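Same order as they appear, the protein sequences are chains A, B and C.
Mind the numbering: the first sequence is residues 47 to 185 in my numbering, read in order.
Mind the numbering: the second sequence is residues 47 to 185 in my numbering, read in order.
Mind the numbering: the third sequence is residues 47 to 185 in my numbering, read in order.
The hints are simulated quantities; they were obtained by calculation from the structure and are not laboratory data.
Incorrect hints may have been included.
The list treats identical chains as one, so a pair stands whether inside a single copy or across any two.
Below are the DMTMM-like pairs computed for lysine to aspartate or glutamate, each with C-alpha atoms no more than 25 Å apart in a straight line [what the hints assert, rightly or not]:
id, residue 1, residue 2
1, 176, 82
2, 176, 154
3, 48, 63
4, 48, 132
5, 110, 57
On a predicted model such as this, the values are computed, not experimentally measured, just so you know.
The chain contents come next:
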Amino acid sequence: MKSFREYLWFETKEREELVNITQQVQKIVEQSGVQEGLCLVNAMHISASVFINDAESGLHQDFKEWLEELAPHEPTSQYLHNRGVEDNAAAHLKRQIMGREVTIAITEGELDFGPWEQIFYGEFDGQRRKRVLVKIIGE
Amino acid sequence: MKSFREYLWFETKEREELVNITQQVQKIVEQSGVQEGLCLVNAMHISASVFINDAESGLHQDFKEWLEELAPHEPTSQYLHNRGVEDNAAAHLKRQIMGREVTIAITEGELDFGPWEQIFYGEFDGQRRKRVLVKIIGE
Amino acid sequence: MKSFREYLWFETKEREELVNITQQVQKIVEQSGVQEGLCLVNAMHISASVFINDAESGLHQDFKEWLEELAPHEPTSQYLHNRGVEDNAAAHLKRQIMGREVTIAITEGELDFGPWEQIFYGEFDGQRRKRVLVKIIGE
Chain A
47 MKSFREYLWF
57 ETKEREELVN
67 ITQQVQKIVE
77 QSGVQEGLCL
87 VNAMHISASV
97 FINDAESGLH
107 QDFKEWLEEL
117 APHEPTSQYL
127 HNRGVEDNAA
137 AHLKRQIMGR
147 EVTIAITEGE
157 LDFGPWEQIF
167 YGEFDGQRRK
177 RVLVKIIGE
Chain B
47 MKSFREYLWF
57 ETKEREELVN
67 ITQQVQKIVE
77 QSGVQEGLCL
87 VNAMHISASV
97 FINDAESGLH
107 QDFKEWLEEL
117 APHEPTSQYL
127 HNRGVEDNAA
137 AHLKRQIMGR
147 EVTIAITEGE
157 LDFGPWEQIF
167 YGEFDGQRRK
177 RVLVKIIGE
Chain C
47 MKSFREYLWF
57 ETKEREELVN
67 ITQQVQKIVE
77 QSGVQEGLCL
87 VNAMHISASV
97 FINDAESGLH
107 QDFKEWLEEL
117 APHEPTSQYL
127 HNRGVEDNAA
137 AHLKRQIMGR
147 EVTIAITEGE
157 LDFGPWEQIF
167 YGEFDGQRRK
177 RVLVKIIGE
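Please build the complete structure, drawing on both the sequences and the hints.
Laid out in structure tokens, this is it:
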């Protein structure tokens with residue numbers, strides 16, 4: 047069994063951003079040399095997500111507005127988590143809806159994807175350095 | 047290490063349907079010959095889900111109504127994603143709540159499940175051919 | 047390839063509780079002897095979750111209140127699932143938002159975590175014995 051690990055680093059300009067990381071993950075799969083296996087991609091921070099959905103800018107705006115309705119950032123005082131120095135409670139909630147991680151099949155050395163599947167890093171409390179982990183196991 | 051891949055195909059009659067796929071996945075696990083490993087089951091389309099919950103028709107109706115409240119299909123014009131020919135933005139949102147995939151332990155050649163766990167395909171934009179991927183690795 | 051399975055048992059005092067299980071999972075990883083691989087941790091019951099987020103009590107209260115707004119327990123009669131003897135429909139919905147499972151990378155014999163990642167059992171219909179499965183594969 048082979049295993050392979052790599053990090054992706056982010057420092058978004060905005061507090062919230064959705065970043066397409068599909069090509070970066072594909073390259074890591076190639077580097078791993080794994081032909082058949084599983085590829086785990088997860089946020090290493092608890093106010094960010096990794097998810098698979100559509101690479102369509104209108105939908106991304108829809109996601110942001112929808113998440114803001116379900117878990118509004120303001121007023122920050124509505125959350126106990128924000129009693130002290132923190133103001134990012136809503137980011138922790140949004141991350142649960144969008145998810146921490148995706149597990150992707152690797153078949154014949156490639157991400158085994160449907161026609162529209164793309165991988166995104168979902169940042170909900172950005173403007174600082176944060177990481178995504180890519181871990182591959184297989185043969 | 048062994049690996050095994052199979053597809054499940056769907057073409058639902060309704061736009062939204064929840065389909066029990068537990069027995070189909072169990073058969074694929076048997077075919078794989080894997081005794082100890084992991085089984086990934088994921089939607090290959092980005093307006094559908096695979097999830098594990100209860101095989102109870104009342105709860106399934108509750109799920110549909112609840113998702114419709116959280117991410118209403120109508121009016122379709124409320125979503126930027128639906129500016130052009132698309133009308134399925136809400137399906138992309140519902141899919142995030144229900145999830146893209148499940149990863150299931152295989153122990154002694156079987157899905158290692160609690161007493162009530164059943165696997166479902168969640169279709170939110172159906173009436174056309176769509177796929178689920180089952181990928182198994184182990185020994 | 048090695049594989050290893052262990053259960054964690056819970057019987058919470060309250061109907062809803064969030065329980066930190068990070069150290070228990072770390073010990074199981076050590077027992078497994080796996081140096082490089084994947085660790086699946088999933089609820090075996092369909093009204094409970096396993097998720098990764100922050101070990102901060104204020105945020106945990108925020109989670110409970112937020113989930114109660116998105117999927118209120120009362121009135122139980124609002125859900126078809128509760129027509130008969132059941133009253134736990136809302137627990138099944140909350141579990142979908144928080145997720146059934148996490149898959150965690152194992153690197154050099156340890157959970158490959160970011161600085162704040164902690165694993166929680168999310169109980170939404172407790173006060174009875176329920177289980178979490180930990181399945182590890184790797185080498």
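A quick look at each hint next to the structure:
Proximity of residue 176 and residue 82 under a CA criterion of 25 Å is satisfied inter-copy only: 23 Å between copies versus 29 Å inside one chain copy. In the homo-oligomer, the alpha carbons of residue 176 and residue 154 lie at most 25 Å apart only across protomers (22 Å), although the nearest pairing inside one protomer, at 31 Å, exceeds that limit. With identical chains, the CA atoms of residue 48 and residue 63 are never at most 25 Å apart, being 33 Å at best within one copy and 39 Å at best between copies. Taking the shortest Cα distances, residue 48 and residue 132 never come within 25 Å of each other, neither inside one copy (41 Å) nor across copies (42 Å).
With identical chains, the CA atoms of residue 110 and residue 57 are at most 25 Å apart within one copy only, with a shortest distance of 18 Å there and 30 Å across copies.
The structure is inconsistent with the numbered hints 3 and 4, although it conforms to all the rest.
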